[in-house]
Amino acid sequence: MTVMRMAELVMEGVTKRFGATVAIADLTLTVGDGEFLVLLGPTGAGKTTTLRLVAGLEGPDVGRVLLAGRDVTPEPPAARDTTFVFQQYSLYPHLTVYDNLAFPLRSPARRVPEGKIRTRVLEIAQLLHIEDKLANRATQLSGGQMQRVAIGRALVRRPSIYLMDEPLSSLDAKLRAEMRVELKRIHRELGATILYVTHDQTEAMTMATHIGVLDQGRLVQIGSPREIYADPINTYVAMRLGSPAINLVPRRLYPNVEAPAAAETIGVRTEHVRIRKSANGGAVGRVKWIEHLGDQNHLHVTIADTDVVTLCDRDAGVVVGDAVDVELTAPLFFAANGERVRAN
Amino acid sequence: MMNALDPHAVLDKAVEATPAPLARRIRGLSDRAIAWLFIAPTIALLLAINIFPLLWTIRLSFTNFRANRPNATVAGVGIDNYVSVLTDPDVWAAMQATAHFLFWTILLQTMLGFTLAYLIDRRFRGHGFWTTVILIPMMLSPAVVGNFWAFLYQPQIGLFNYVVSFFSGIPPSSFEMIGSVKLAPWSIIIVDTWMWTPYVMLICLAGLRSIPNYIYEAAEVDRASRWRQFWSITLPMALPFIMLAVLFRGIENFKMFDMVNLLTSGGPGSTTELASITLKREAFEKWRTGYSSAFAIVLFVTVFGLANIYVKALNRVKNR
Numbered sequence: 001m002t003v004m005r006m007a008e009l010v011m012e013g014v015t016k017r018f019g020a021t022v023a024i025a026d027l028t029l030t031v032g033d034g035e036f037l038v039l040l041g042p043t044g045a046g047k048t049t050t051l052r053l054v055a056g057l058e059g060p061d062v063g064r065v066l067l068a069g070r071d072v073t074p075e076p077p078a079a080r081d082t083t084f085v086f087q088q089y090s091l092y093p094h095l096t097v098y099d100n101l102a103f104p105l106r107s108p109a110r111r112v113p114e115g116k117i118r119t120r121v122l123e124i125a126q127l128l129h130i131e132d133k134l135a136n137r138a139t140q141l142s143g144g145q146m147q148r149v150a151i152g153r154a155l156v157r158r159p160s161i162y163l164m165d166e167p168l169s170s171l172d173a174k175l176r177a178e179m180r181v182e183l184k185r186i187h188r189e190l191g192a193t194i195l196y197v198t199h200d201q202t203e204a205m206t207m208a209t210h211i212g213v214l215d216q217g218r219l220v221q222i223g224s225p226r227e228i229y230a231d232p233i234n235t236y237v238a239m240r241l242g243s244p245a246i247n248l249v250p251r252r253l254y255p256n257v258e259a260p261a262a263a264e265t266i267g268v269r270t271e272h273v274r275i276r277k278s279a280n281g282g283a284v285g286r287v288k289w290i291e292h293l294g295d296q297n298h299l300h301v302t303i304a305d306t307d308v309v310t311l312c313d314r315d316a317g318v319v320v321g322d323a324v325d326v327e328l329t330a331p332l333f334f335a336a337n338g339e340r341v342r343a344n
Numbered sequence: 001m002m003n004a005l006d007p008h009a010v011l012d013k014a015v016e017a018t019p020a021p022l023a024r025r026i027r028g029l030s031d032r033a034i035a036w037l038f039i040a041p042t043i044a045l046l047l048a049i050n051i052f053p054l055l056w057t058i059r060l061s062f063t064n065f066r067a068n069r070p071n072a073t074v075a076g077v078g079i080d081n082y083v084s085v086l087t088d089p090d091v092w093a094a095m096q097a098t099a100h101f102l103f104w105t106i107l108l109q110t111m112l113g114f115t116l117a118y119l120i121d122r123r124f125r126g127h128g129f130w131t132t133v134i135l136i137p138m139m140l141s142p143a144v145v146g147n148f149w150a151f152l153y154q155p156q157i158g159l160f161n162y163v164v165s166f167f168s169g170i171p172p173s174s175f176e177m178i179g180s181v182k183l184a185p186w187s188i189i190i191v192d193t194w195m196w197t198p199y200v201m202l203i204c205l206a207g208l209r210s211i212p213n214y215i216y217e218a219a220e221v222d223r224a225s226r227w228r229q230f231w232s233i234t235l236p237m238a239l240p241f242i243m244l245a246v247l248f249r250g251i252e253n254f255k256m257f258d259m260v261n262l263l264t265s266g267g268p269g270s271t272t273e274l275a276s277i278t279l280k281r282e283a284f285e286k287w288r289t290g291y292s293s294a295f296a297i298v299l300f301v302t303v304f305g306l307a308n309i310y311v312k313a314l315n316r317v318k319n320r
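Protein chains in written order, with our numbering: chain B, 1 to 344; chain V, 1 to 320.
Rather than coming from a laboratory, the hints here were simulated on the basis of the structure. Note that the coordinates shown come from a computational prediction; the quantities given were computed from them, not determined experimentally. Just to be clear, a hint being listed does not mean it is correct.
[Unchecked claim] Derived, one-sided and incomplete: chain V residues facing chain B with beta-carbon distance under 10 Å:
| # | residue |
| --- | --- |
| 1 | ARG122 |
| 2 | ILE157 |
| 3 | ILE215 |
| 4 | ARG223 |
| 5 | ALA224 |
[What the hints assert, rightly or not] Each pair of labels, with its calculated beta carbon distance range:
| # | chain 1 | residue 1 | chain 2 | residue 2 | range |
| --- | --- | --- | --- | --- | --- |
| 6 | V | ARG316 | B | LYS184 | 41 to 47 Å |
| 7 | B | VAL112 | V | VAL311 | 36 to 42 Å |
| 8 | V | LEU119 | B | ARG70 | 31 to 37 Å |
We put the CB at the ideal spot given by N, CA and C, even for glycine.
Go ahead and model the full structure; you've got the sequences and the hints to work with.
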């Protein structure tokens with residue numbers, strides 16, 4: 001029987017400060033073997049710092065980092081079994097694509113024979129469709145090709161964890177969609193453990209097995225994409241996913257909705273807002289404007305002073321200025337401080 | 001007030017301010033003609049100061065003209081001057097001295113300059129202060145440097161001999177840097193290295209600073225040791241800058257004159273007589289103007305040819 005290599009990452013109570021700024025505050029996080037964890041958060045939430053702490057490019061002020069059960073906190077990057085895809089490609093500009101891909105394998109400590117390196121590089125190049133670019137210098141590539149080389153350089157090795165820092169952010173929309181599928185495939189085929197950072201919710205929803213939402217260095221919530229989307233623990237998490245963003249409306253505008261006593265805000269996703277042309281005088285809102293997206297329309301409805309966005313079929317027959325009734329089908333309730341209030 | 005910033009207003013103003021006849025004349029010109037009008041003064045200066053003397057030198061190099069006898073008849077001598085330059089053992093001795101000087105100054109300055117740049121690039125505490133200190137020699141005039149190193153090299157009172165004797169135990173007056181045939185070539189190499197290593201350091205520093213930090217981070221994650229990072233990233237990426245420094249120093253030192261002339265005047269004998277010093281002797285002490293013109297052209301072609309070959313190599317490295 002072969003011994004499965006456990007590739008589990010554990011961060012225990014990690015805190016990292018840069019001067020007076022707390023980049024990471026008491027972060028505890030586990031990425032299980034074969035998981036694809038996406039860290040989601042706006043700029044400055046500490047996503048990149050988390051990756052750098054795992055890679056060993058930064059050392060934590062407090063806490064421990066464990067890789068495959070081993071405490072690697074004091075170890076330099078080279079001693080840890082990780083690979084890193086940087087946001088800004090960071091290819092070696094004076095080397096060819098081949099040499100860039102071969103670089104991690106040519107570590108003198110590992111002594112991989114050149115024949116084996118060749119096989120591995122060709123394999124990865126084919127996977128990423130850059131086999132015809134191997135002889136090119138890294139600087140002669142387009143942005144998308146460079147990023148694929150950067151990803152390839154991470155894939156030539158089989159580390160316990162792959163770290164990726166917004167690897168798709170500099171690609172155009174079409175290539176980004178392609179690479180999303182590609183990365184997901186790689187994850188499945190290699191059974192790789194991946195810690196991935198992005199502020200793009202589509203990437204998070206489509207690729208992740210788990211999503212962790214960061215806010216100012218704190219891990220707010222972690223769970224499957226479905227859980228994070230359907231069951232957010234506060235308005236911050238709720239706002240991170242969904243496009244258009246979740247509607248947050250004051251509770252008092254919907255006196256008829258049954259809600260827990262502490263609820264101050266009702267959160268409702270666009271697909272959970274039903275609107276109906278008002279037949280009698282009991283209309284609550286008025287259609288302010290309609291965004292045409294091809295297959296669907298986004299309706300912006302004004303209710304008192306707040307706007308609610310909803311999806312609507314093209315042929316619903318609603319036009320700007322119509323008085324409408326609004327029904328919330330799956331409301332979430334939040335307290336005044338933004339925390340979720342559950343009906344019990 | 002905002003009108004002053006409006007480009008149309010500025011143009012209108014310029015049109016108003018131009019005298020009517022001149023404005024008419026300029027308006028009749030094409031863009032190309034106006035462009036030529038603008039660069040004409042520069043071209044005229046260049047022709048007068050660079051191109052004309054060069055052509056005149058080429059002309060003189062085929063004659064027996066002597067600048068101290070302006071009224072003597074000048075006769076064409078064909079390529080005789082070139083033949084005598086290229087067969088003159090003194091010229092070859094000067095070329096050898098120049099080559100020796102070039103080789104060692106470039107080697108020492110590149111190695112020291114790069115090492116210093118590498119150390120300064122670590123940004124230790126006070127690295128800014130040390131950079132300034134290191135740059136001081138470069139800011140001095142070569143004439144000043146030549147003169148005060150003549151004092152430093154004094155066997156009895158000079159600081160250089162004293163320091164050497166302090167560390168090695170050799171009596172300070174037992175050797176003469178400038179006076180001895182064996183040491184004199186090294187005396188000028190030491191001074192030039194002292195003076196110009198900072199310059200090489202600056203260029204190398206620019207090269208090292210141009211390597212983004214994330215490249216090193218990527219290499220660290222890729223498990224490259226410091227040693228490997230140096231050989232496979234730092235050195236190749238800084239190489240175009242190092243080569244540029246070598247080119248600049250090479251061209252500069254090929255025509256080295258002032259410092260060496262003041263320090264050793266080519267002596268003792270002709271051990272430190274670099275090509276430019278020989279040239280000056282032939283031209284302004286022996287007044288063999290035709291001959292020295294031919295010599296100057298030979299030097300020019302040599303340095304131009306070498307520099308061209310070198311620049312080609314540099315471009316290859318840069319485009320790697």
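Going down the list of hints, with the structure as the test:
no., hint, in the structure
1, ARG122, "violated, 17 Å"
2, ILE157, "violated, 52 Å"
3, ILE215, "holds, 6 Å"
4, ARG223, "holds, 4 Å"
5, ALA224, "holds, 7 Å"
6, V/ARG316 with B/LYS184: 41 to 47 Å, "holds, 43 Å"
7, B/VAL112 with V/VAL311: 36 to 42 Å, "holds, 39 Å"
8, V/LEU119 with B/ARG70: 31 to 37 Å, "holds, 36 Å"
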